[in-house]
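Undergrad: One-letter residues, chain by chain:
Number of protein chains: 2
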Amino acid sequence: MGKSKLTIKGVLQTPLKKIFNEKGNLFHIIRNFDNGFNGFGEVYISTVKYEVVKAWKKHFKMTSNFVVPVGKIKLVIFDDRENSTTKGMLNEFILSVDNYYRLTIPPNLWYGFKGLDEGLNMLINVANIPHDPLEQTNETLSYLNYKW
Amino acid sequence: MGKSKLTIKGVLQTPLKKIFNEKGNLFHIIRNFDNGFNGFGEVYISTVKYEVVKAWKKHFKMTSNFVVPVGKIKLVIFDDRENSTTKGMLNEFILSVDNYYRLTIPPNLWYGFKGLDEGLNMLINVANIPHDPLEQTNETLSYLNYKW
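These protein sequence lines are chains U and X, in that order. Counting along the first sequence from 1, when you hit position 140 you're at 140 in my numbering, and nothing is skipped either side. Counting along the second sequence from 1, when you hit position 35 you're at 35 in my numbering, and nothing is skipped either side.
No wet-lab data here; the hints were simulated from the structure. Since this is a predicted model, take the numbers as computed values, not measurements. Among these hints, one or two may not hold up.
Copies of the same chain look alike in the list, so a pair counts if it works inside one copy or between any two.
Stated by the list, open to error - 27 Å max Cα-Cα, derived DSSO-like pairs, lysine-lysine:
hint	residue 1	residue 2
1	Lys18	Lys49
2	Lys57	Lys18
3	Lys147	Lys74
4	Lys57	Lys72
5	Lys23	Lys49
6	Lys61	Lys23
Assemble the whole structure, with the sequences as input and the hints as a guide.
TA: Here's what the structure looks like:
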């Protein structure tokens, strides 16, 4: 599989506003008319410990919209979709409170993520469908030849 | 205004799952079939510093669904709705990562919140409409006679 500066077809990186205020801050995540919004099913938080990898996961129906408002997370996506123009492509992203943006991942892509901060690493996912074990599959770390 | 153990009409406290795992944890927030869900408009994060109060706010259309996955926040709601059966009632809530639940606030109630943790105090709001300055109003802290 080849790393690339190009983005896998359907994956979106969308800059987000952080509005700083002396009382506290405001971080945008997603609105119902934003790029990458594909309906609302569930929003949940997934945390990942320092140096720990959660991989590999694939959803058959879920579009994920990820943000990392606390800590720092490396997120890797691999495209093995039969008819994709970016089949075989791998993308690496660093999401963090300092490098704050929304990452949209369409269904049928492999992804995994690793905690890079010694403190809390928090991923928020705004998904178009609620959690459903029947629409997802998991493989062990060795399923893809990637050095985390 | 009187404090009460009763809950203001339309306000909901819903317990939420925290699923602990050696790799990292999973925190539920809201699904599209959950109690208190009233459509999806926007999800955003609001942080509030230690000992700082953000108050008073009122929305005319927005239903808010609040969770606090980091830190500890005191949230106060006051009902001055003309035809409400709980008109004049004030409710105080403590939301935190340890006392984790979802607080649903319907439109037309005054609310405000205060950071109780010396570190990060994070409020996530899953709202039924996107931010719209025309559907909200703000008053200064002294508008309601409440000792924070």
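Undergrad: Each of the hints needs a verdict: does it hold here or not?
TA: Status of each hint after checking the structure:
1. Taking identical chains as interchangeable, the C-alpha atoms of Lys18 and Lys49 lie at most 27 Å apart whether they share a chain (25 Å) or sit on different chains (16 Å).
2. Proximity of Lys57 to Lys18 under the C-alpha cut-off of 27 Å is restricted to the inter-copy arrangement: shortest distance 20 Å between copies versus 29 Å within a copy.
3. In this homomeric assembly, Lys147 and Lys74 come within 27 Å of each other (Cα to Cα) only inside a single copy, at 12 Å, whereas the closest approach across copies is 44 Å.
4. With identical chains, the CA atoms of Lys57 and Lys72 are at most 27 Å apart within one copy only, with a shortest distance of 19 Å there and 32 Å across copies.
5. With identical chains, the CA atoms of Lys23 and Lys49 are at most 27 Å apart between copies only, with a shortest distance of 6 Å across copies and 29 Å within one.
6. For the identical chains of this complex, Lys61 and Lys23 are inter-copy neighbours only, at 25 Å across copies versus 40 Å inside a copy, given an alpha-carbon limit of 27 Å.
In this structure, none of the earlier numbered hints is contradicted; all agree with it.
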